[in-house]
Structures are given as C-alpha cells and as structure tokens.
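Enquirer: Using the sequences plus the hints, can you model the full thing?
Heads up: the sequence shown begins at 1 in our numbering, then just goes up one per residue.
You can take every hint at face value.
If you anchor each label on the Cβ, the simulated ranges turn out as follows: (1) Arg92 - Leu133: 19 to 27 Å; (2) Asp132 - Ala105: 21 to 29 Å; (3) Asp62 - Leu86: 33 to 41 Å; (4) Arg92 - Pro152: 41 to 49 Å; (5) Glu118 - Gly55: 52 to 60 Å; (6) Thr94 - Asp62: 43 to 51 Å; (7) Ala137 - Arg104: 16 to 24 Å; (8) Gln107 - Thr73: 47 to 55 Å; (9) Glu118 - Arg149: 23 to 31 Å.
Hint data in this document are derived by calculation from the structure and do not stem from the laboratory. Where a beta carbon is used, it is the ideal one built from N, C-alpha and C, also for glycine.
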Amino acid sequence: MGENEMAVFGVSEAEEEIYRHFLRNPGTAADDLHLLLHNEPGQARARIGRLEELGLLRADGDGRRIVPVDPETALSRLVDLRLHTLHQELQRVTRSRHVIDGLRAEQGARTPPPQGIEQLEGLTQIRNRIDDLAFFARDEILSVEPYTRLSPENIARSRPLDLR
Numbered sequence: 001m002g003e004n005e006m007a008v009f010g011v012s013e014a015e016e017e018i019y020r021h022f023l024r025n026p027g028t029a030a031d032d033l034h035l036l037l038h039n040e041p042g043q044a045r046a047r048i049g050r051l052e053e054l055g056l057l058r059a060d061g062d063g064r065r066i067v068p069v070d071p072e073t074a075l076s077r078l079v080d081l082r083l084h085t086l087h088q089e090l091q092r093v094t095r096s097r098h099v100i101d102g103l104r105a106e107q108g109a110r111t112p113p114p115q116g117i118e119q120l121e122g123l124t125q126i127r128n129r130i131d132d133l134a135f136f137a138r139d140e141i142l143s144v145e146p147y148t149r150l151s152p153e154n155i156a157r158s159r160p161l162d163l164r
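Expert: Now the structure itself:
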C-alpha cells in the first residue's frame, strides 16, 4: 500500500488500512484489530464505526463479524458523496460575488474604473494586463501581434499562458 490512495474520498490512512484488512480477511472479528494496527482498542472501534458510516464496512448478523462492502459499490458511493460536496462548494464560491459589493462599500468613494479604451505604457504593464485578462477570461481571447516575427523573449513569455 504505502500511500493513502483513498484520502481524496476523506478516508484517513488508518481507516484505509482497516478497510484493506477486512477486504483481505472478510467476516473476521474486530476484537483484536487494535493489536494488528498497534493502537488503542477505542481508536480501532471508532475507525470501524466511521467506515460503517461511509458505507465501506458493515457488521454481519450478530454484529461481531465485520464484512467489507464491495470496493466498486463502496467507491461509487464515495465518489458520489465527494462530487456532491464539491458541487456544493462550487455553488458557494460562485454565489460569493456579493462579497465584492460589501468590500466596495467599505472602500468608500472612489473613481470608477475607466470604460472603453485602456492605455498601458511599457511592456511590463501590457504583460501584467494580459495575464489578468487571461486568468479571468471565460471566453477565448484572440490577439493580433503587429510584428511579422516574434522575439524569443515574447515566445518564452507566452508559452506558460498556453498551458493554463
């Protein structure tokens, strides 16, 4: 194993180790699991409880034997839960535009940003503005380079922008 492959689903390394143990030894009791994992009995029981909540393990019959849920079924459920959580987070982020209004109110009176033509002076200002526009762009932006040949410096500067 070596690494916590299930961390992306919110499963800790110790929990993953327990799940993998029961995949290798289905239907075994959890009584001495803490000895195998070298931790306290309460910790092992709590981790098993969490894995049951996540749908990775279930108690069989009398509750003494632990059975792992099929990995495909279990991970499909974890993927759905994770995607749902990420979707909710994305919705919260996209609805946070109102924060700008609150911050602007605290900023006080200021001159509005210029509309229309924006005049930039110097290569550094131009590149910084292009970086800003490229970062916040939601649509494709095409530009025309008036030179017949690009300098190696311009090519080197533009290459990372193509990789975003």
